Amino acid sequence: MICAIDFGSCWIRSVFRNPRTPDRLSMYAEKSEYALIPDTGHHRRSLADQQIPFAECEGSLAVVGNNAARAQWLSRVPCTPLFVEGAVPSDDPPARQMLSVLTEAMLPPVDAERSLCVLTVPGVPDESHRVQKNAEFLSRLVRMRGYSPFVVNPAEASLLATCHDATFTGISIVMGAETTSVCIARYGVSLAKKSISIGSNWIDTEVARQFQIQVWDEDGNAFIDMESIRQWKQQSCPHLRNAVGDRERMMSRLYSVVLDRVTRTVAQLLQSTPVRNALHRQKLAVMLSGGATMIEGFRSLLTERFIEHEVAERIQSIRLAPDPATAVVRGALIFGELEARAPAVEEAA
Amino acid sequence: MERLKIVLIIAAMVATARTSPGQQATRSSSSNADHAQPTFVVIGDVRNHNYFVLSPHARTTIHQAVIQAGMLGDSVSVSVLRGKQQRAAFTQMVSGASTDTGELVMEGDVLVVQSMQPIQETHQKNAALRTDGGVVPVTLADEFIAVGDVLQGTGGLPSADQQVKIACRFRGRPLLENATLSDRVEHGDVIAVVHRAQATSRGFGNMVPASSEWQTSEVTQPEPASLNAAGNLVPEVAPATPLEFPVQASDARTFNDSRNPFADPAEPADDATLESHTETEQSESELSVRSVSQAAAVPFAPAENIAPPAPVEIAVPLEAARQAPAASMGLWNILFIGGLLVAGSMILIGSLRTEDENLSSESSAMHFNANSENVVKNFAAPVSSSIEPGTVPAPSVPEKKITATATTAVVTALRAKPLLTSEHLPSATETQAWFGGDWRSTQVGASVSSMATEQAATCDSVIVAAGIDHRGQVDSPSIYLMEKMVVDSLSDSKSAHPLMMAESVAFEHNAVSVAPTTKPIAAIPAAGAVEPEMLSSMPIRPVVSESVVNSAKDFSDLEDLLQNRLPIDLCQVELPLRVSLFGRPAGPRRLRIDAAHSRVPAPHMHMSSERRRDESATVSAQRSAFEMPSQEEQAGEKKSAATSASLDRALHYLQDRTDI
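Here the protein sequences line up with chains A and B, keeping their order. Each residue of the first sequence is one higher than the last, beginning at 7 in my numbering. Each residue of the second sequence is one higher than the last, beginning at 2 in my numbering.
Hints were generated in silico from the structure; no laboratory data involved. Predicted model, so just to flag it, every value in this text is computed and none were measured. Treat the hints with caution; some may be incorrect.
As the list claims (entries may be wrong) - Derived DEER-like restraints, expressed as beta-carbon distance ranges:
| no. | chain 1 | residue 1 | chain 2 | residue 2 | range |
| --- | --- | --- | --- | --- | --- |
| 1 | B | Ser-76 | A | Ala-348 | 26 to 34 Å |
| 2 | A | Asp-223 | B | Phe-583 | 52 to 60 Å |
| 3 | A | Ser-52 | B | Glu-575 | 17 to 25 Å |
| 4 | A | Ala-75 | B | Glu-560 | 35 to 43 Å |
C-beta atoms are modelled at their ideal positions from N, C-alpha and C, and glycine is treated no differently.
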């Protein structure tokens, strides 16, 4: 069994081939958040009546994943992310246990002696102790399910999933909720990659702060209402190049700030020695994926940034992946299938 | 006589040594090569798989080349095999609407075009054979074409130090680093004949002392018409006609269709005809896109589907491709052979002086080995009676006895030789069937497996080297063994050792069993092991193992996954309805902490201004350590602290705590 799981700061997705229907992919997608519900008899009864799975914690009930939205109305506290700033929380033991429950439920049972699970780890994959603990923790969760974990970079995975028509050569940019990953590859071989710790959550947070989009609980505690920002983006479909209203203009400016950093990163990678040696002055296609890239006008704004940073001459095209949200997990599955075939290919060779 | 024998052996080996297909294809004059234009080859999903000439004045891009070849489908993937590289250098997507990336086609490139959509239009399956001498496009006229068929159809087997591999295939198909002759050639495959990595013992210059060649025994093949006469198909003994040594001199017959057993016998290609041909016509007959059909190796199959009309335009490029190594072959070969002949003649003259002594010693040896007289007939051919392969009597020594007496290498060699009698030797037809038809009969017969010993290996070496008839030419059994050595070494790189006697016998019996026979074969110990379908007259297909099929299917599934063609079923996660977790959840991050006003604070007008400032600083320190304030948040905090309301709340909070 080969499967892939993408631990994202906003969504956790897993995908695999169902042995009964190998010509189709089965996917699980759960929001990486949980809702805290007061632990009272009424709340327990309400959850039980609606068949909403919940967890009992100290002093409260927790509803994890997609069910959190169904139980949100029972609490005035907004949902809590399972990954705080793109990392497994160190001060939230229930969150770590919920990650374990979700991982166990989203990975299919192992049917072979050596099953491979390719996973992506949120956060910036630097050498810091925190990120290493992230990868170690999530790999252990996968290993507990019986799989051999294999950590891949989201941008590399997305490249495999989206750049087949460009012979797996180009620039892959994955803009997630907390992290943006950039990878330059030639024929599927990564030449240079970098991740920056900025994503759509930072933009939403700044908009919410600027416009004081907050919620209060019964104790008077204020929280940023991120869910409200997400719903507004989905419903009003703001355009980054044709912003209407202060909020959209604010968002456009914030996106520009993020894309400035992304463009600087791309320019830096293009100047790196492996890229210069392998690609020379070859024009590259840019493939965008990740939930944050789905907003209208993203490509146009990125083009503008490329022109401003004098990178446009190296860019052949900027394309949005046909499935921006699921490209990473699908690419991770491709990674796994290639990895599983590698011994057979080597043996045949 | 021993010295004479050695010289003749060496001369025979050198004369028998044929060059590889690429080297074979280089016998034409070198002048044409100098004027040859650079070319490249396009195969795969194109309407015209062929050579294309690179214009020296205009640069041709891959996009233009594929469009020129007439790609099938809207979007194709082009894999480029360049230079001496053994794998595709890169792959490029090309469609009618796509922009030209400017990637140029280089001389000698092989462009393998694969359509990304299912092709509705009927097209001819094709492949390419890539050798040191150039690239030969091949039309696959049948579904089941093996590598051996392609090599056969394009000139012959490679030498022993060469290796066959599938260098490039369509996506999803595994490359074959060490392809066997039985491997099936798929549409779009590029078969490469390369030199093995390890150093081989070479002759002089670039001459490779190859031990055999594919069509060696086909020089004296009966007319192809008899092959098609199924009812009259008789496994013939190797003909007694002396085998023509493939002299290195430029002989047009080397590439003539007369060498091709599948060619139409009604149209013999004599020299006069060849001379009367124009250059273009020569190109048609020699340098066309080769069409290979395994049906040619099957008795019932017609021969007309083997050689389709070849495009004229490709003649010059292929000629040029075949001429490359020619210059390096001729001079050294002539010098070497001439030297051998001189040395042989001198030794012959010297040896004639002591002929009587030698004859007496030979007679005593023959008397001593009376039971192995058949071997001696071959081994001491110059002094024994004329024995041709077709007239060698059946072995008088039983097989058991051979095994029992195989104590020393020399004796074993002498006793093992009679196994290769005329009855056991495959005829030309059988050889053809074995090479061109069934590639599976490589199993050793059970009854002779015990003979596969080191001694047998040793005696095989002797037999191969001593396979010279009374005319000083290589006899058919030795040719057959040489061929099998090459085939065996190609089929399994690990078994590159000389062919073992037991294996050769098993090969022999299986080969005999392939073709319908009317002659009773005296001893076929492995008859029970022969598969039933091998006895039938149906076309024999190479067996494709189940793992290979599964592997191909897996890779096609991967291709679907890569192209996002697989539908996704979004499933619902089944979480446990109730689970107990330990620990206190952190909850969402709070923006700021404002304690609830539990009671109305006492009047605070009596507070001094200094105390207010101290308390304000204390409130700032009370923030949650969990919350790392950003600059904006700090600015906002200062702003809010500046307001009287927030200051009042903070003061009230501190007042409450102080009161408690």
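Hints, one by one, checked against the model:
no.	hint	result
1	B:Ser-76 x A:Ala-348: 26 to 34 Å	holds, 28 Å
2	A:Asp-223 x B:Phe-583: 52 to 60 Å	violated, 24 Å
3	A:Ser-52 x B:Glu-575: 17 to 25 Å	holds, 21 Å
4	A:Ala-75 x B:Glu-560: 35 to 43 Å	holds, 37 Å
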